[in-house]
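Chains A and B are the protein sequences, given in the same order. Reading the first sequence from the start, the letters are residues 533 to 827 in my numbering. Reading the second sequence from the start, the letters are residues 1418 to 1700 in my numbering.
Read the hints as simulated data drawn from the structure, not as lab findings. Take the hints with a grain of salt, since some may be wrong.
With a Cα cut of at most 25 Å, we get these calculated DMTMM-like pairs of lysine to aspartate or glutamate [as the list claims (entries may be wrong)]:
#1 K539/A x E1593/B
#2 K1427/B x D674/A
#3 K715/A x D727/A
#4 K730/A x D719/A
#5 K628/A x E722/A
#6 K715/A x E731/A
#7 K628/A x D1590/B
#8 K628/A x E1594/B
#9 K628/A x D727/A
#10 K628/A x E538/A
#11 K715/A x E1593/B
#12 K730/A x D1428/B
#13 K1427/B x E538/A
#14 K539/A x E1687/B
#15 K1427/B x E731/A
#16 K539/A x D1428/B
#17 K539/A x D1599/B
#18 K628/A x E684/A
#19 K1427/B x E722/A
Given next are the chains, with one letter for each unit.
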Amino acid sequence: MNSLAEKRFAYTILVGPAVVVYASVILFPILFSFTLGFTRWSGFGTPEWIGIQNYTRMLADPAFRIGLRNNMLIVGVSVFGQIPFGFLLAYIIYRKMVGAHSFFETVIFLPITVSAIVVAKLWNQIFSPAGVITQLMRIVRDDPRYVFAVFENRDLAIFPILGVIFWYYTGIYMVIFLANLHKISPDVIEASIMDGAKEHQILFRVILPQMTNIVFTTAVFAIAGSLKSFDLIFAMTGGGPARYTEVIAIYMYFNTFRYYNYGYGSAVSMMIVVLSLGLITMLLGVSRRFERRYS
Amino acid sequence: MGSTSLRHRKDMIAWRVFSYVFMAVFTFLAVAPLLWLTYSSLKPHPAIVRNIFAFPTEFYFTNYIVAWQRGQLGMLISNSIFYSVMATAITVVLALMAGYGLAKFGYRLSALVYTFFIMGLLVTAHSVLVPLFVMQTRIGLADTRLGVIIPYVGFGLPFMIYLATSYIRGIPDALEESARIDGASYLQTFWYVIRPIAAPVVATMTIFAFLANWNEFVFVFVLTSRQSLRSLPVGVNAFAGGMSRDYGLLFAALVIATIPMILFYLFFHEQLKRGFAAGAIKE
């Protein structure tokens, strides 16, 4: 075997298997899903072509809009809650403003190792009418009949979930930012202290401008991750009360596997892909404008 | 200069006070729920209801014995170990192989293939659930262990290939070339040169993939229906649904489900953090 053929053969052996698995689990199903999204199909018989009806029906469905709203709230918590707080935590550790920083780092990261299902069931008990918050409020308000019933309130039920999402994932952002902060040369900070810069000036004028790229990359993944949220909410409320805590992924799940609308479910899946690409494109647009202003 | 550093020191005091408060609050919030869960799991249900905050007066291990038996936690744990170990091993091997091909062969095709894998980072499991379920039902993979492992691998690959490729790109070409000059084939070079040098990234990949696979929920939930195939998260979810009347049992089950990963974290937190730091993936 000559060397060029050997190289090509080796390349096929090395890259081929990964491509095959990836294509069969992700690429092909997405194409399949895209096609199925234009049909009505219950899983049996032949899918019936109905054009864009699934999409028009989706946009008109109030339950879908609630899901969309909840997804956007989760994106909001990720981008405006987890990222700034994660950054601040990382910055405090990086500048060694506290002792025992590796202890703090390890502990704050801890929740992320717990499975989403356990997190959901744990916080469910905390928020339940007989749970921790109720008991705590009874002591604080000195009212033994107080009941915390947030999951019975349609408009408020999503907020404890947002809190749990914040609790669960902020540690990841801290770790990401910390790793990238360590790449910044300490000389830069030393020099600005010599120049008489105050600590907040170091943060906003020296460190943050160097981190904008990382912040935007992180935001891309935060958005993609937010639209993926399923396990936690599914195990916490199952989308209730009356579908008010549903996110799009749960909406998709119910339509497909409970009402057997495979075509419709596929259309919803495609919507998740479109939304995630749309939001990310928007974010990249913002980041480009931002970079131009900085440079 | 003395006055500037003095001014800076004063400024630092305010920051330090703020930092300690901020860190203390976060640490408390991170740990308190988990500690509360753990000590409450050692109280019988009536004691939890009577006083939700109190420490147990005596350790009530019955919760653990009953939860273990009724929740079939032993079976769930061994299923989870099986899925996680198999999927992690396959993912890491495939990703490392592909990473070498994509990083070092210099084919123009590689850029396309690499992009194609990276796009997968943005794909959610839910956007392929319907077709995956339909396909697996058709070819008889639904409700089998293999049918669970393949999607685990497929969804693990994008990030693992990203880690492997960027690491292997950093290996100097000279090392590989000298192996080639000594007459080694590309596959031999992969095995005897690249694989040993890539050991650190393999460690990060393995540990990161294992955590992700261990906590994976939706594939087992949708693609299997037999109870004997359930993984720990799926089984605990079902158990919690039926056991909501007895907090003691529920809490014991949750603690059992959490302990393996906490131990895992304590041993491997450096590698885990490196994995998270390399990219920003969350489910």
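Tested hints:
For the suggested pair K539/A and E1593/B, the alpha carbons sit about 13 Å apart, so the restraint of at most 25 Å is met. The hinted pair formed by K1427/B and D674/A fails the criterion: a straight-line CA distance of about 42 Å is larger than 25 Å. For the hint pairing K715/A with D727/A, the CA-to-CA distance comes to about 22 Å; that is within 25 Å, so the pair holds. About 16 Å separates the Cα atoms of K730/A and D719/A, which keeps this hinted pair within 25 Å; it holds.
Taking the CA atoms of K628/A and E722/A, the gap is near 14 Å; set against the 25 Å cutoff, the hint holds. For the hint pairing K715/A with E731/A, the CA-to-CA distance comes to about 19 Å; that is within 25 Å, so the pair holds. As the CA atoms of K628/A and D1590/B are separated by approximately 39 Å, the hinted pair breaks the 25 Å bound. Restraint check for K628/A and E1594/B: not satisfied, since their Cα atoms lie roughly 44 Å apart, outside the 25 Å limit.
For the hint pairing K628/A with D727/A, the CA-to-CA distance comes to about 20 Å; that is within 25 Å, so the pair holds. The suggested pairing of K628/A with E538/A is violated, with an alpha-carbon distance near 54 Å, which exceeds 25 Å. With a CA separation close to 28 Å, the supplied pair K715/A and E1593/B exceeds the 25 Å bound. Distance check on the hinted pair: K730/A and D1428/B sit about 7 Å apart at the alpha-carbon level, within 25 Å; holds.
Only pairs whose Cα atoms come within 25 Å are accepted, and K1427/B paired with E538/A is rejected, the gap being roughly 67 Å. A hinted pair counts as satisfied when its Cα atoms are at most 25 Å apart, and K539/A with E1687/B does not qualify at roughly 37 Å. Between K1427/B and E731/A the alpha-carbon distance is near 10 Å, which keeps this suggested pair within the 25 Å criterion. Under the criterion of a C-alpha separation no larger than 25 Å, the hint pairing K539/A with D1428/B is inconsistent with the structure, at around 61 Å.
At most 25 Å may separate the alpha-carbon atoms for a hinted pair to count; K539/A and D1599/B meet this at roughly 16 Å. Of the supplied pair hints, the one linking K628/A and E684/A is violated, its CA atoms being roughly 44 Å apart against a limit of 25 Å. This hinted pair checks out: K1427/B and E722/A have alpha carbons roughly 16 Å apart, not beyond 25 Å.
Of the numbered hints stated above, those contradicted by the structure are hints 2, 7, 8, 10, 11, 13, 14, 16 and 18, listed in ascending order.
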